[in-house]
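**Student:** Spelled out, the chains give:
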Amino acid sequence: MTPASPRHDGERSPNGLAVGDPEALPGPRSVTRLREILQPDQDPDGDPDPADQVGESVDAAQRRRAADEWLRRRLLERQLHDGASLRISALALRLGLLRPPAPGKDEDWQDRIVELQDELHAVLQELRDVAGKIYPPLLDQAGLAPALRELADQAGVELDIEVSGPAKEQRFGPVAEGAAYFAVAECLTERPSGRDVGGSPELRVRIDRDQGDLVLAVAGVGARHLNYMLDQARPLGGSADLAEGGTPETGTITVRIPCK
Amino acid sequence: MQVALAEDGALFREGLLMLLKAAGHEIVGAVGGGDELVALLATQRADVAILDIRMPPEPDGGLTTAERLRALYPDMGLLFLSHYAETHYLMRILEIGTDSIGYRLKEKVGSVDVLTDTLDRIHAGEIVIEPVLAKRLVERPRGEKKDVMASLSERETDVLRLMAEGRSNNGIAGQLFVTPKAVEKHIANIFGKLGLHTDTSEHHRRVLAVLTYLRSQRTEE
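Those sequence lines, one after another, are chains B and W.
Each position in the first sequence, counted from 1, maps to that position plus 217 in our numbering.
Each position in the second sequence, counted from 1, maps to that position plus 1219 in our numbering.
If you are wondering where the hints come from, they were derived from the structure by calculation, not from laboratory data.
Using 25 Å as the maximum straight-line C-alpha spacing, the simulated SDA-like pairs for lysine to any residue come out as follows:
id, chain 1, residue 1, chain 2, residue 2
1, W, K1364, W, L1413
2, W, K1325, W, L1313
3, W, K1240, B, Q327
4, B, K477, B, D357
5, W, K1240, W, S1330
6, W, K1354, B, P354
7, W, K1327, B, R329
8, W, K1327, B, Q342
9, B, K350, B, A283
10, B, K350, W, P1278
11, W, K1327, B, R311
12, W, K1327, B, D323
13, W, K1325, B, L341
14, B, K322, W, D1336
15, W, K1327, W, V1250
16, W, K1365, W, A1407
17, W, K1325, B, Y352
18, W, K1354, B, I330
19, B, K322, W, T1335
20, W, K1325, B, R329
21, W, K1354, W, E1375
22, W, K1327, B, L344
23, W, K1365, B, A362
24, B, K350, W, R1273
25, B, K350, B, K477
26, B, K322, W, G1329
27, B, K477, B, P354
28, B, K322, W, L1238
29, W, K1240, B, R329
30, B, K350, W, Y1303
Take the sequences, apply the hints, and build the full model.
**Tutor:** Next comes the structure, spelled out in C-alpha cells:
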C-alpha cells in the first residue's frame, strides 16, 4: 500500500482524499478481503509462504514465527502511518483553512463540517482496523465464538461455530482466547483461493473445555493449516494434531491450549 | 425532549452534553455508569436514555443497564452509542427490545440534525440502526442468502438497506425521493423474493423480520 492509495477506496471527497468507507469494499472476493483484514499490506507476489511447507522442523518454525511477528509489527506501524496519521495530518491542514462562513453561505459551511466529520469517521475506522489486528475488542468483550463470527461475517466467509456448555464457561482468558482466535483466523485466510465461497467447503469450529485446556476442533482444513495452529499453540505449551480427511480440505485439526 | 445520559468517558460525555443542549433538549442527568443511571431515573423521568455499551458495570454495562431500564420503564426510549458497530451487539440489543431503541456509532451522531433525527425516531417508537451496520448486513449476506439477495433490483436493495436501518415507509420515501406508495410496492416485492410474510404490518415487526432474515444463520447457536 502506498500513501497515495488508502485501503478504503470508497467514495472520494471533493479534495480527492478517499472518504474511506471500509464497508464499501467489494463483497464476493472474501478470501482476498480476509487477507486484507488480517494482513493489510502483504505483497501477493512475494515469496511463497514457508508455512506451506508441511512438516518443517521445530527450529525452523520458531524462526519463521519470530520473523512473522516482526513483519506483522512493521505492517501495523505502516498502516498507522499511511492511514490514520496521514488523514489526521490532512485534517489539520483543512481545519487551518477553515474560515467563518460569508453571510448567506451557512450551507457551504455545514457541508464543510460534514466532510470533516466523515473524514474523522474514516480515521476512526482505520484505527479500529489496526486495533482489531492487535487484539479484537469483541474477543475481549464477548469471547471467542462471537469474535470469530464477526470476523467471518465481515469477510463474508462461511464459518460454522459450535460451542458446548453455558455461556459463562465460554471464557478462557485473554491468552488462550487470543491464540485460538488468531489460529482460526489464519485458517480462514488460507482457505483455497480461486474458488467462489459458495463452492468452497465450510469451515466448522467446535469450542470445548477439557481439564483447564481450551480445545478447538477445526474441521474442513488440511495439512497446510497445521503449522498455523502449532504456531499459536506450541509457545503456550499446547498442541495441534491433524486427522486427515479424504481430500486436502476435509481434515480436522484438534488444538489444545492450556488456559493457565 | 428529556434525555438522560450514561457514559464513562468524561470527554465524550461533555461533548455530547453540549450537542444535546445545542439541539434544545433538556438533560435530566449525565452520569458515568449504569448503576448511577438507574438511581437517577428512579427520581427523574426521561423520554430517552442514552447509554454507552462498554461502561461500568463491566464488561458491557450499557446492555445490562438497558435490560433493567426496559423492565422498569417500558415506554422509555433507549439509544446505545458505541465505538464499534458489530452485529453481535445488534443482536443483543434486539433481544432487549425491538421498539423505541437505537444503536449508533459515537462519531456518527456528531451534528444537531443527526442527533435530533435519531432521538426523534426512537421517541416515536422506531428502531434506529447505524447505517454502516445495516449496509454491511444487506451487502454481505451469508451463505444461501447470497442468491436471493442478488435477485433484488438495485432499487429494492436500497429500500432493504433503509429498512434495515429501521426507517419507516415515509422515511424511506424521503431518502429515495419516491412516494410512500412506491416504497410499499418495493417492500411487497422484497418480501415476496425473501419468502417473508407480508402480514407483519407493524413497522418494527417488519424491520425485525428483515434483520432476522439477514442474520438467520447465527440463531442456531
